[in-house]
Amino acid sequence: MNGFRILLLFLWVLPAAAAPHLTRGPYLQLQTSNSMILRWRTDQDTPGLVRYGLTADSATNVARHAGALTEHIVRLGGLRPDTRYFYSVGRETNAWFNAPGDSFSFLTAPVAGPARSTRIWVIGDSGTANTNQFAVRDAFYRFSFGRQPDLWLMLGDNAYSTGTDPQFQKAVFEPYAWLLRQSPLWPTLGNHDAGSANSPTQSGVYYDVFTLPTQGQAGGMPSGTEAYYSFDFANIHFICLDSHDTDRSPLGAMAQWLKSDLENTSRDWILCFFHHPPYTKGSHDSDKRSDSAGRLVEMRENFLPILEAGGVDLVMGGHSHDYERSFLLDGAYGYSTNMAPAHFKNRGSGRANTDGAYEKPSGAAPHQGAVYMVAGSSGQTGGGPLNHPAMFLSLNKLGSVILDVDGPELNATFLNEKAQVRDYFTIRKK
Amino acid sequence: MKRSDARPGLVLGLILWAAPLWAHGPLHEEIVRLTAELQQQPDDPLRLARRGELLQLHGLPDQARMDFERLAILRPTDVTNDFRLGQVQLELGATHEAVRLLERFATHRPQSAPGQLLLARALVKAGRPRDAAEHFAQAVEVTAEPAPDWYLEQLRALRSAEAPREELLRCLDAGIARLGPLPVLQLPAVELEVQLGATDQALARLDALAARAERKERWLVRRGDVLKEAGRISQARVEYLAARQALDALPDKLRRAWTATELRQQVEAKLAALPTPAEAGKAQSP
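Taken in sequence, the protein lines are chains A and B.
My numbering numbers the first residue of the first sequence as 1 and each following residue consecutively.
My numbering numbers the first residue of the second sequence as 1001 and each following residue consecutively.
Keep in mind that the hints were calculated from the coordinates and are not lab data.
Any given hint could turn out to be false.
[As the list claims (entries may be wrong)] A short, non-exhaustive set of chain B residues, derived as facing chain A with CB atoms under 8 angstroms: (1) Ala1113; (2) Thr1143; (3) Pro1148; (4) Ala1177; (5) Leu1179; (6) Leu1182; (7) Arg1218; (8) Arg1222.
Every residue, glycine too, gets a C-beta built ideally from N, C-alpha and C.
Here chain B stands alone, though its shape is the one from the complex:
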C-alpha cells in the first residue's frame, strides 16, 4: 500500500531473500551466460554473486555455496556475502556456520529486517530459542509493516525457551498494537490469559474479536468455555444459551448448514455437561 521505505538492507532483502523465481528458461539461460563469462573472468565478484543467487533460486544450493565461498575468499570483508552464504548454509543444514555468518551480518547491518529474521530462524534451528526471540523482536522493530507470522515465530521461540507467560503475552500484545486485534494473535493471547487466571482480560479479548466478526455464535461459545474454565458456571451457561439462541436466529440456509448443526450439538453437549446450580454450589462448598 505504501511506497517502499528506503531502508538499508531492503534492497538486498528484495534481491536475496524474497525468493523470487524467474521462469526456468530465462533463469537457466542467464546461468549459462554467466558461466561462460566467468570462464573468461573467473574472479569477477559481481558475476559470481549473481550466478550464486540464480543457482540458489534454481534450487541448486550446493553450487550456489561454491560461488559464495569463492566470493568470500575474494572479498573477505563483504558482509553482504555473509548474508548470501549464511542463507545457503542454512538451506543446506549447516546451521552453526549459518549462525556465525548471519550474526556477523546482523552486527554490521542491524537495521536489515531480512538479516535479523534469517538469523532468528537460524538460531531456532541451532537450539538457541532465547536468542532467536530477541532477533525476531529486532526484525519487527526495524520493519514498517511486519507480518503476523513474525510474532507467532517469536512466540514459538519464547515457548521453547520456557519464557514466562507474561512475556509471551507481551509478545502478542506488541503484535496486536502494531497490526490490530487479529484473531491469529488474540486467540493464543486468550489461552494465555486463561492460564494466568485473568478471565476478564480473556473475555475482553474475545469481545474485541467478536465486535469485528459477522457471526457471533462461535465467539459466544468461546466466552462460555473461558467462563467454565474459570468456574463461573452460571455465566458460562448464559453464554452457551446465547450461542444457541444466535444459532437458532440464523437464516434457514445457514442454520441448516452442517457447520451450524454441528456447533449446535456441541453447545447442547456443553450445556448438558455443566454442573447444575446445586452441584456447582456443592462443589464450591468446603
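Extracted from the complex, chain A is given alone in its bound form:
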C-alpha cells in the first residue's frame, strides 16, 4: 500500500517538477503606435506564444516565435494606436503562464504628433537591489496610484555592480516586475552596466535583455545601433544617448546621427537622456576632466551645442547619486566657474505657483533654454558638495522623477522615498 502511495505521489509530482516555469517577465519593449514587443524567460526551452485582445475575455489573437527557447521575444503587430490590449504569455495554446487582466495589459503608443496627456517615470542609478531602491519604487507606486506611467526611463547603472544577468534579475526584473509587464521601459547604458556589456559590438547582458530601436521603428531617424536611439510618444520626441561606451567626438556617428535626428523631428517636446550628466557637483564633478575619463565634459562640450541648437527642452542624467535640477539654461559649455548671466535664460524656480513657469516658444526652437537634471538617487545617495551654479536645487536625497506632459505644459516632480514632493517645476510653451 505504501509503495502504491509513493508511486502515486511520484506520478503527481514528476510532471509538476518537469513543467517549465516563468523566471523573468513578461516585460514590454519597443512600444510603437501599432506594435509591441513582449519578452519573457523560462527555465527550459519552450515554444513562445502570446494571446491578446481588446478585453481580457477576448484575448484570442495568437502570436508566437519560431522554435523552442528560454529567451522569448514575440512582436505583436497590426495593433491600434493608443489602445489597451490584454494578454497572456505561454508555451502552448492550452498552457499559459498568466491570465489576461489589468496587470497583464498594455497601451500602444498614440499616433506621433498630436498632444496627449503623458506620464513618464524616470529613475537613475537605481540598480542597488536594496531597500533604498524598493522604497523609491514604492513611493512612486503610491504617488501614481491609478495613473500608470505611459512609459518609463532608466538613466543607467540599472544593475550594480557590473551589470551581470543575475544582477539585472535582482535589480530590474524582480523589483519592477509589476510595472514591466504594463508599461514599456526605455533604458540607457551606465558605466556599471557596461561591466558586462559592450556598445560597439552591441553584445553582453544589457544588449541581450533589452530590445531597442535601430531603424527608427518607433519614430526618429535610424541610428543603426541599440546603443543610442530615439522614439516618439504623442507630441514628445525622446533621445537616448550612450555617454559611456560610444564615440563622443563631434565627428563620431552618434553626434552626426543626433544632428539629423533633431533636424527631422516635428514633435513639440524634445527630451534627452544619457548617463553622464553635463552639470553636476555630487558624487561626480563635471568640472574635472579626470572624472569618468572625461565623459561628463565631453557630453557637455560636444553634445549640448547640438541638442540646444535642435531645441531640446529637458536633459536627464544620473551617475551622481543625488538630485540636481538646473535653471533654464543655454550655451553653458564650459566649466562652472565660467558660467555667466547670459547662460541663464530664466533664473527663477520654474514653479508656476511662485515666480512662474519656465516659458519657451512653441515648437523646437533652438537656444531657447533647457532644464538639466541629475536623477541618480533612485537606489542610493552619494553626497558631494552639491553646489553647481547651474542648479536651482541640489538634494542628497533618495527619489525619482515624474514627468507629466500635457499639451504645451511639462510638469516635473521629484518625489522622495517617502512619497513627499521635494521639487517641482513647469516648462510651458507659448
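Dock chain B against chain A, hints included.
Showing chain B alone in chain A's frame:
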C-alpha cells in the same frame, strides 16, 4: 537584442575592452586586497592580470603597465596579455610598441573584433592608415553587429591613405548593407557620388533617406544642392521650390519655429542665386 554570440575573444573583449568602471570604492578596495595578496605571492599571474586591469580602469595606466610587463616576463606566450599590454601602451602613447603587441595578438586571435579594432586604431596613430583600414574591415567582418562608428573610422583611415573615392564608397556601402541606409553613412556617400559626378546615384541615396524621414524639406534642399552642383539648374529650382512649398505647408507652430524660418531664408537665397534660364543657357553655350 540578441543573445551574445559565443565568439572567441568576446569574453576577453568584455572584460578588457568595454571600459567598465566599477565604483571608486569597490574598485579601490579590490586593488588594495590584490596588492596585499601579491605581497604573499608576487608572481601569481591571475592576480597580476586582475590588478593590472583594475588599475587601468582606475585611470592608472602606468601602474597597470608594470603589472602587465611583469606578467609578460612570467608568461611570454600569453597572447591575451599582448592585448592588455598593447592597450595600455596605446593609452600611454607608446604607439609602436602597442602596434607590435596588438599585431601579435591579432595574428593569434584573428576572430577577436576588439583585437582587430584596437590594432586598427593603433595603426592610425602610428601613421599607417592603409593597414588600419584593413583591420577596421576585419573587425567589421568578425562582428555580428558592428557599430556605425567603425565604418566612419575606416572611411577616415582610407581618406588619410588617399584611397580612391570608389573605395571610400565601397566602405560606406558595406556599412549600409549591414546596418541599413543610415544618415551617418548615406550623407558622406552622397558627397562622394557628387564628387564622382554620379548625380543620379546621389539623388537615389537622398531619396532613401527622405523616405524614412518625417520632415522632407531639408532633403528637398539637399536634392536641389546636388542638382545645382551638377549644373542641372532647372531641376534644382524645382527642388528648392518644392522645399519652400513643404515649409509653407508645415503646421503653424513648426513653420514659425526659428529652424524653419532660417531654412526658408536659405531656400530663398539659393533660388535667388540660381542663374535664370537665359543665363543658364548662355553659360552652357560655347
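Subject >> Interface restraint verdict for Leu1182 (chain B) against chain A (beta-carbon cut-off 8 angstroms) >> reply: OK, holds: Leu1182 (chain B) within 8 angstroms of chain A, min 4 angstroms.
Original post:
Given Thr1143 (chain B) was flagged as interface, is its beta-carbon under 8 angstroms from a beta-carbon of chain A?
Top reply: holds, 5 angstroms
Subject >> Interface hint outcome for Pro1148 (chain B) [beta carbon to chain A under 8 angstroms] >> reply: Where the cut-off is 8 angstroms and the nearest Cβ of chain A is about 4 angstroms from Pro1148 (chain B), the hint holds.
Subject >> Supplied contact hint for Ala1177 (chain B), tested at 8 angstroms Cβ to chain A >> reply: Since chain A brings no Cβ nearer than about 12 angstroms to Ala1177 (chain B), farther than 8 angstroms, the hint is violated.
Subject >> Status of the hint placing Arg1222 (chain B) at chain A (closest C-beta pair under 8 angstroms) >> reply: violated, 11 angstroms
**OP:** Would you settle whether the hint for Leu1179 (chain B) is holds or violated, based on the nearest Cβ-Cβ distance to chain A being less than 8 angstroms?
**Re:** For Leu1179 (chain B), the interface hint holds, since the closest Cβ of chain A sits about 4 angstroms away, which is under 8 angstroms.
Original post:
Once the shortest beta carbon distance from Arg1218 (chain B) to chain A is found, is it less than 8 angstroms?
Top reply: holds, 6 angstroms
Original post:
With a cut-off of 8 angstroms, does the beta carbon of Ala1113 (chain B) approach a beta carbon of chain A closely enough for the hint to hold?
Top reply: holds, 6 angstroms
Of the numbered hints given earlier, the model fails hints 4 and 8; all others are met.
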